[in-house]
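Letter by letter, the sequence shown follows residues -11 to 270 of the working numbering.
Hints should not be assumed to be uniformly reliable.
Distance windows between CB atoms, simulated [stated by the list, open to error]:
(1) A(-3) <-> D93: 22 to 32 Å
(2) D247 <-> D68: 35 to 45 Å
(3) M4 <-> R202: 35 to 45 Å
(4) P90 <-> E(-9): 22 to 32 Å
(5) Q243 <-> G199: 13 to 23 Å
(6) I192 <-> S250: 16 to 26 Å
(7) G197 <-> S250: 24 to 34 Å
(8) M171 <-> L96: 19 to 29 Å
(9) V89 <-> R223: 34 to 44 Å
(10) S250 <-> Y185: 36 to 46 Å
(11) E224 <-> Y194: 39 to 49 Å
(12) G131 <-> M4: 19 to 29 Å
Derived from the structure by calculation, the hints contain no laboratory data.
Just so it is clear, the structure is predicted and the values come from calculations on it, not from any experiment.
Built from N, CA and C at the ideal position, the CB exists for glycine as well.
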Amino acid sequence: MRELQKQQAMAVANMMKIKYKVVVMSSKGGVGKSLVTSSLASALALMGRSVGVLDADFHGPSIHKMFGIPTGYGMLARMDGTIDPVVAPPGVKIASIGLLVPRDDVALIWRGPIKASAIRELLAYVNWGSLDYLLVDLPPGTGDEPLTLAQSIPKLNGIILVTIPSDVSKSVVKRAVAFASKMKIPVIGIIENMSYYRCPHGDIIYIFGKGAAREIAEEYGIPFLGSIPIDPRIRECNDSGKVFITEYPDSEAAQAIRDIASKVIDIVEGGKAKIPVVKEED
């Protein structure tokens, strides 16, 4: 009990040094949530903000790879028991379980209480220092990890929801809105990833459907932050550990990411995020 209280006190002290704490969330896997988190973190850093990313997806950590850091790279442990995050270009601080496991084929077979304990320890012992933004990349769903973070981070500034344009994703992301409403957490906005593909000759193809994120935003009064188009070079950059918006700054997707980051800054720093109202029948 004393150790838990100590961790909670350390976590609160750590989080109070960070101006804005933002969770990136989706109730469905495969929508590119980690891509959005890493891209948004890079864009914010390039806009002059100091940024950290906590990868809370213990079963599928990928943030470190998207910044070009190999699995098992490690984090520096200090004599007082705290650990330093790894700093990756363009100056983003990263803490991830993927930096601590030795190989990609190591499976973390953890039940809920262990994951909750790991989150509390990361919040307590990682030396983030003074940051403008801490982005937390969550696993899919509304279970242990989101609940632990919501209860452990004081003055959480809000949730960014990520989806794709399909009807299935639309129905699933509503659960994340309901989670935010029940936990009394503001929603910063919703991002539609893989929104469309622009052919070389200019035609637009809506591969996964059209308009789901806008419909959810309108239904719940949530800001629509923007659409990120499909660009094969995003996958190439992710696989090679390069930052897409710096590799291809003039691309349509890079401009969309920068526009989204600007909207996030306006909403978060302006204190405009609101708790969604969800009716019982929803």
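Check your understanding: Which of the numbered hints above does this structure break?
Key -> The structure conflicts with hints 1, 9, 10, 11, although it agrees with all the remaining ones.
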